[in-house]
Amino acid sequence: MNDSNSDKKKTNETDETSAKEFAIEIVDLHKSFKSNRVLKGLNLVLAKGENLVVLGKSGTGKSVLIKCVVGLIEPEEGSLTVLGENVLELKDKKLNDLRKKVGFLFQSAALYDSMTVRENLKFPLRTDPSIEEDEKEALVKEALENVGLLDAIDKMPSELSGGMRKRVGLARTLILKPAVMLYDEPTNGLDPITSREISKLITDVREKYKTSSIIITHDIACAKITADRIVVLKDGVCLTEGTFEELQNSEIPEVRAYFE
Amino acid sequence: MDSSKKKAIHEDEDNGPWFPMLFSFFSEMTSLTLFTAKYCKNLFIPPYEINELLKQCYFVGYRSLPLVGITGFIMGLVLTIQSRPTLSEFGAESWLPAMVAVSIIREIGPVITALICAGKVGSGIGAELASMRVTEQIDAMEVSGINPFNYIVVTRILATTLMLPVLVVFSDVIALAGSFLAVNINGEVTFTLFFSQVIDSLAFSDVFPSFIKTFFFGFAIGLIGCYKGYNTDKGTEGVGLSANSAVVLSSLLIFVMDMIAVQITDLLF
Ligand SMILES: Nc1ncnc2c1ncn2[C@@H]1O[C@H](COP(=O)(O)OP(=O)(O)O)[C@@H](O)[C@H]1O
Ligand SMILES: [Mg+2]
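Protein chains in written order, with this note's numbering: chain A, 1 to 260; chain P, 1001 to 1269.
Any given hint could turn out to be false.
Below 20 Å or equal to it, Euclidean Cα-Cα: the simulated SDA-like pairs (lysine to any residue) are [said to hold, decoys possible]:
1) A/K122 - A/D151
2) A/K93 - P/G1145
3) A/K57 - A/R229
4) A/K94 - P/L1268
Every beta carbon over 10 Å from chain A, so not counted as near; a handful from chain P, in silico [stated by the list, open to error]:
5) F1073
6) I1074
7) S1251
Taking beta-carbon pairs under 10 Å as the criterion, some of the chain P residues facing chain A (in silico) [said to hold, decoys possible]:
8) P1085
9) E1089
10) S1131
11) M1132
12) V1134
13) Q1137
14) D1139
15) E1142
16) V1143
17) N1147
None of these hints come from the bench; they were simulated from the model. Just so it is clear, the structure is predicted and the values come from calculations on it, not from any experiment. By construction, the Cβ of each residue, glycine as well, lies at the ideal position given by its N, Cα and C atoms.
Work out the full structure: start from the sequences and follow the hints.
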């Protein structure tokens, strides 16, 4: 009697600790747009400190998935836990507080075209009155230095190349020192050399900022550099998962297609 | 190509063209009402974006001055020249300044200025917001914990609401100057005589209602521009569509509001 009780307690404890190990836990996520069913019961976990690559063809709902994570899109069904909080139940202030801990690099970098690079980077800091102006300037410079673009500080976004825009976008999300990073096709539309630089930057970001990341891509070279683990999406569910080497030797034709 | 077009037309007929049109009209009106309600609510919710508001006032107001000034001047000039023959037929040429002043201040100044601003400012807001939506800039603000509605929409609607009356007053003054010039083309009227006639002809019931309605015109321009831009959903193509429909809808709304304003003024004064 006593024994089984303590046993139960033990398993409970391990359950709790293992729950804390996850940065993101997605269970049975459903999302459709009118008749277009995009996510059909997707399950996914992101461990703390992990770089998880999500592979999938265009239109499989990769962007929809990570937009659900930050509450930009509301799923119909399923549960979504980010840094221990249930995203679907959070409102206004609490949701915004969580969003500040989650960095999101958009597919198009989403720089504010009417502002200079400096103003772009300062923008996320504007709601925090505790940071002094000099301190903001220092944070901006630090973030730009980390992506190697300090000279571009006074440029307008329209003057930057695609790779530079991605880096500025990355610097802008890093300025809030996020615990989780979500990258939406970070190397999309870039040449192989710039792609490799961005991929290296993603691994550097993990070292420096101790982030856990989901990296969405269909660029296998990027996956090779950044991934600890790869999940392949197809038709709104996970087809398979494994390390880069495991998937390289996979028998599944959809997975093989990426490595050819 | 041709056959597919025919087919599309045919399908519309099958559904009956009226039902979908009415349905989309009412659903559009519902979402516009909700958008307006959200604006009214967010107007009082912090953060108040004062700096952005001033910047938008500068864009809406100061940047429109040349256009509004030129059109106002021509408006006054043309109206005076066109009215002169009719008035002189009745031997009432001396009424010219008074008649022009009343028509400009009561009706033509507010409506023409509002329509010009719908074209310039409304389309600009529609296109800007739509491209921000399409390039995910609005989403980017949202995920960095900033309320994009307060920052983008509230400031712009407030700016147009506050700036349009200023622009209308400016345009009215310039139009009267244009009229003064036209009066002087065939004849001699001194500056003081012209303006004393203008001021004598205007009553409180001419000036006040038409000033109040310009706030509503400004509100309509900002609201429709923001609504169309903020809710665009057709990718890059949506940018042009939003700008276009912002102008069309806000111009229409200006006329409707003007009609209502005239009825109310008629009842009250
Ligand atoms: N806001 C939206 N409204 C309607 N349909 C959408 C929306 N966002 C995405 N979709 C649809 O969801 C599907 C998946 O899109 P997305 O997640 O962007 O694909 P990807 O995997 O290439 O990132 C597409 O078919 C797209 O048409
Ligand atoms: Mg995508």
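Right, here's what the structure says about each hint:
1. A/K122 - A/D151: This hinted pair holds, its Cα atoms lying about 16 Å apart.
2. A/K93 - P/G1145: holds (8 Å)
3. A/K57 - A/R229: Within the cut-off at roughly 18 Å; holds.
4. A/K94 - P/L1268: violated (50 Å)
5. F1073: Given a closest Cβ separation of 32 Å, the condition holds.
6. I1074: holds (32 Å)
7. S1251: Per Cβ check, P/S1251 is outside 10 Å of chain A; nearest 26 Å; holds.
8. P1085: At about 50 Å, which exceeds the 10 Å cut-off, the nearest Cβ of chain A leaves the hint on P/P1085 violated.
9. E1089: violated (55 Å)
10. S1131: Where the cut-off is 10 Å and the nearest Cβ of chain A is about 8 Å from P/S1131, the hint holds.
11. M1132: This hint holds: P/M1132 lies near chain A, its Cβ roughly 8 Å from the closest one there, short of 10 Å.
12. V1134: Where the cut-off is 10 Å and the nearest Cβ of chain A is about 9 Å from P/V1134, the hint holds.
13. Q1137: holds (5 Å)
14. D1139: holds (6 Å)
15. E1142: holds (6 Å)
16. V1143: Holds. Min distance 5 Å.
17. N1147: holds (8 Å)
Of the hints listed earlier, those the structure fails to meet are numbers 4, 8, 9, in rising order.
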